[in-house]
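**Student:** The chain contents come next:
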Amino acid sequence: MDKPTRTLPQPTPETQHFWDGTQTEQLLLQRCTDCDHIYFPPRPFCPSCSSRSVEVYAASGRATLASYVINQGPHPAFDGPYAIALVDLEEGPRMMTNIVECAQTPEALQLDMALEVRFEQVSENINLPLFAPAGASK
Amino acid sequence: MTGVAVVGAAETTALGKIPHLSQQQLHADAALNAMADAGLTAKDIDGIATAGERPTDLAYYLGITPTWVDGTSVGGCSFMLHVRHAVAAIASGQCTTVLITHGESGRSGVGRSGFPRTPASLAGQFEVPFGPMGPPTMFTLPVLRYMKDYSMTHEQLAMVAVVQREWASMNPRATFQNEITVDDVLNSKMIAYPFHLLECCLVTDGGGALILTKADRAADFPKMPVHILGTGESVETPMISQMDDLTSSRAFKVAGAFAMKDADITHADVDHLMVYDAFAHLPIYGLEDLGFCKKGEAAEFIWEQNTAPGGSLPMNTNGGGLSYMHSGMYGMYALQESVRQIRGTAPAQVKDANVSLCLGVGGMFGAAGCIVFGKEPR
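The listed protein sequences derive, respectively, from chains A and B. Residue numbers are given in the working numbering: position 104 of the first sequence equals residue 104, and the series is strictly consecutive. Residue numbers are given in the working numbering: position 221 of the second sequence equals residue 1221, and the series is strictly consecutive.
Zero decoy hints are in this set.
What the simulated footprint calls covered on chain B by chain A, stretch by stretch (three residues with Cβ under 8 Å from a Cβ of chain A suffice, anywhere in the stretch; the number is not a length): (1) 1119-1132; (2) 1139-1150; (3) 1190-1201.
Source of the hints: derived by calculation from the structure; they are not laboratory data. Here the structure is a predicted model, which is why all the values come from computation and not from measurement. Just so it is clear, CB atoms sit at the ideal spot from N, CA and C, and this is done for glycine as well.
Whenever a hint applies, use it, and build me the whole structure from the sequences.
**Tutor:** Structure, rendered in structure tokens:
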């Protein structure tokens, strides 16, 4: 809870499972049991084929860096410039996140670098999924 | 052709810093100027569309009794969608004369409504916690991917701003008119790597309004009609992180292709192009998604001065959101410039501008609207 100044997500009935998963350090995705489409963010139906037959499962936590910007402006939760990143999960979906355990510079942040998920507790009920360079010490 | 034409078009009397007018009055100022342009009063208007303010508020404020109302609000291209919806409404007889208004106190913030993203929305849960601070840190997010995949350089991105400043230097109403170089852009303040200040849009006050009616009534109006040849619209996602492809806008492709087919034109028919430029990469995405350039070739196309004064495809000839003005929902100003070019009254007038294509974006690659204007009904 060292960064209490982020704007916190407010789970809905459709997304509660995702945030519950972060409590046990699981990155949960959804998969359609009719067409096998894997998707994010959460919803109780398949955005590819409209089926309601979907299941929740744990992702590998592995990803690659798809794109980012380094915001030069101030943010209460960050010390100095910080990267807002898009990562491609190994399973396919893309998500916004921050990159941790890594200098926030264009030299250190190379597109397509391998990443793995970390969880940062930001409130009693919310852990945010962040990503670190693969193999970096926890 | 659609059988509908623009018969009145105007911006607010002033642009830039207008702290003495509320946002609602900016709508009204532009609306009154457009009515004067068309020789009409509020009693002649029976359809109203607006975004940013509610159509109820504007109809009441201006004294309009509408039989048709559209409050579609999908961001800066909402006015392109209003044009499209008005064409359908006029063609089907739901109304005869539509007023579309925009006003935004983007800089001064006088009576401005907010853009809340609730913490329970998908963007509120899955984007906001990671620290984006508005469009300069969100709309810009896909660009490093584009740069790596298509070998675009920082210099090429900067050239977009340089070329648009060339156009702005010919426009006395442009906020910035002094010419700049690639080095000037790259030496301007870093906002969110890789974007420098001069690659980001202005923040200004202003407004604009359009009046549409059946083209066969156009002879009754004092100004030359600008025919609406074709229209298109689409939406993709409220979250930049969830674009289908970080190097392309699906909404641009859908709206652009529909509008060109609707207008029955080819790329060679287009004499003048407007591509909503909230940030320097948007014209690059627009040129490719509309099909004027092959994938990965638009930055070089701009670098080679094809969209600059004297080039083969004059683009963003008012100076664009980067140099002319940007109140927040810039789409109305792009439409106004297309109308001026077809009328032959633009400050930086393109020779023989017979067909103008105008592409707007809404949200951050969230929505798109595309309108094709023509001097002749075709």
